[in-house]
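Asks: Chains as they are written, first to last, in our numbering: chain A, 1424 to 1535; chain B, 7 to 119.
The hints are simulated quantities; they were obtained by calculation from the structure and are not laboratory data. Just so it is clear, CB atoms sit at the ideal spot from N, CA and C, and this is done for glycine as well. Be careful, since some hints might not be right.
Calculated Cβ distances over 10 Å to all of chain B for the following chain A residues [to be verified]:
hint: 1; residue: Ser1437
hint: 2; residue: Lys1481
hint: 3; residue: Thr1527
In silico SDA-like links for lysine to any residue, alpha-carbon gap of 20 Å or less [to be verified]:
hint: 4; chain 1: B; residue 1: Lys17; chain 2: A; residue 2: Asn1464
hint: 5; chain 1: B; residue 1: Lys76; chain 2: B; residue 2: Lys17
hint: 6; chain 1: A; residue 1: Lys1472; chain 2: B; residue 2: Glu101
hint: 7; chain 1: B; residue 1: Lys17; chain 2: A; residue 2: Pro1463
hint: 8; chain 1: B; residue 1: Lys63; chain 2: B; residue 2: Glu20
hint: 9; chain 1: B; residue 1: Lys59; chain 2: A; residue 2: Lys1481
hint: 10; chain 1: A; residue 1: Lys1481; chain 2: A; residue 2: Thr1500
hint: 11; chain 1: A; residue 1: Lys1472; chain 2: B; residue 2: Gly57
hint: 12; chain 1: A; residue 1: Lys1481; chain 2: B; residue 2: Asn106
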Amino acid sequence: AQSVTQLGSHVSVSEGALVLLRCNYSSSVPPYLFWYVQYPNQGLQLLLKYTTGATLVKGINGFEAEFKKSETSFHLTKPSAHMSDAAEYFCAVSDSGNQFYFGTGTSLTVIP
Amino acid sequence: DAGITQSPRHKVTETGTPVTLRCHQTENHRYMYWYRQDPGHGLRLIHYSYGVKDTDKGEVSDGYSVSRSKTEDFLLTLESATSSQTSVYFCAISEDSTYNEQFFGPGTRLTVL
Chain A
1424 AQSVTQLGSH VSVSEGALVL LRCNYSSSVP PYLFWYVQYP NQGLQLLLKY TTGATLVKGI
1484 NGFEAEFKKS ETSFHLTKPS AHMSDAAEYF CAVSDSGNQF YFGTGTSLTV IP
Chain B
7 DAGITQSPRH KVTETGTPVT LRCHQTENHR YMYWYRQDPG HGLRLIHYSY GVKDTDKGEV
67 SDGYSVSRSK TEDFLLTLES ATSSQTSVYF CAISEDSTYN EQFFGPGTRL TVL
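Bound-form chain B, shown alone (with noise of 0.2 Å):
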């Protein structure tokens, strides 16, 4: 299995609360990608990483932010959660964007009251 690790695996927070969500990775890839994923929506891309500091937006990136300030650290922010972003957290890890298979992490299950 490819070295990811998320943590942490479960929360439960406060409407209002910043919260972060951690993804390491041992492999040494390029690409880092945060999914969320909901009933009835398949995964959907909240915001990605192409190195150090490189970050771009996904389909669903209102609410959130990331950061990348090593290879194998990249962090996904809720700056104020909402009931809305109750939903497992997804990261995923490429060594090219296209044609290289992603490997993903076991998850953040993350609810909002």
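Next comes chain A alone, as it looks inside the complex (with noise of 0.2 Å):
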């Protein structure tokens, strides 16, 4: 089976500083890679996806991710983070199953 691991439930960050939130992966295939955002009482909506090909993944409002096959790793990053980016953040890996397997979440959290 497929885990993930996402280092730090809760990461807080300065208004304009950058954002890193980190997510581990074990997986016997090539993975299939994806981060979503939850902001509160609603559903996730999809960041970004790594599936082939180019290895650092734009998303949207800003936040991009780099698959690194030899750490494991699908870290997402954000330059400057804004108080709009306050919420909680999954990481998932899909192999060649029928099956998501989600992390624990990380809350972030804008100081202004």
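Starting from two chains that each stand alone, build the complex the way the hints lay out.
Replies: Structure representation (structure tokens):
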């Protein structure tokens, strides 16, 4: 089975500072990787995904993530945090089966 | 936004009663999923469907059953609700199982007293 580890259940950054949310995965096959964002009392929205090709993936709202096979990582970054980025972020991995496996989530707080 | 609705959006029930949650999609996607979200656990898959009348178990399927008689509807039933099933339940859909993203519904908050 696949698994996802998100280091840091809570991350706080100042407005304008770099956002770095960490995700490591385990997969016995080439993975497909996803980042989702969840705002309070809402469902999950896709930020970005990696399937094949370029390892640096750009998503919505200025976020990007880099697939590093040697490190089994898919960390999410944004150069400059905005107040509207405060939310919960989930990393997910999918293999060649029918299921997604989600991490436990990282709650991002942006300090004015 | 993907056309996914969940009903009811909120429900309070008592231990031992059956509960059915409904997920309805207008996207004609083949795959449908039910997850539960709990603090510290992220999202955990309960059951999923890969076609009409085709379903399979997920990570936390005990105490839950599902049915899909039409492409657009996926029902989740708690046969006899317990307090441990108090959670937020999300439905998701996808065209393909592997590399296509899943689109999520707004969620149902279920409280079992």
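Asks: Let me make sure I understand: some of the numbered hints might not hold for this structure. Which ones are they, in numerical order?
Replies: Structure breaks hints 3, 5, 8, 9, 11.
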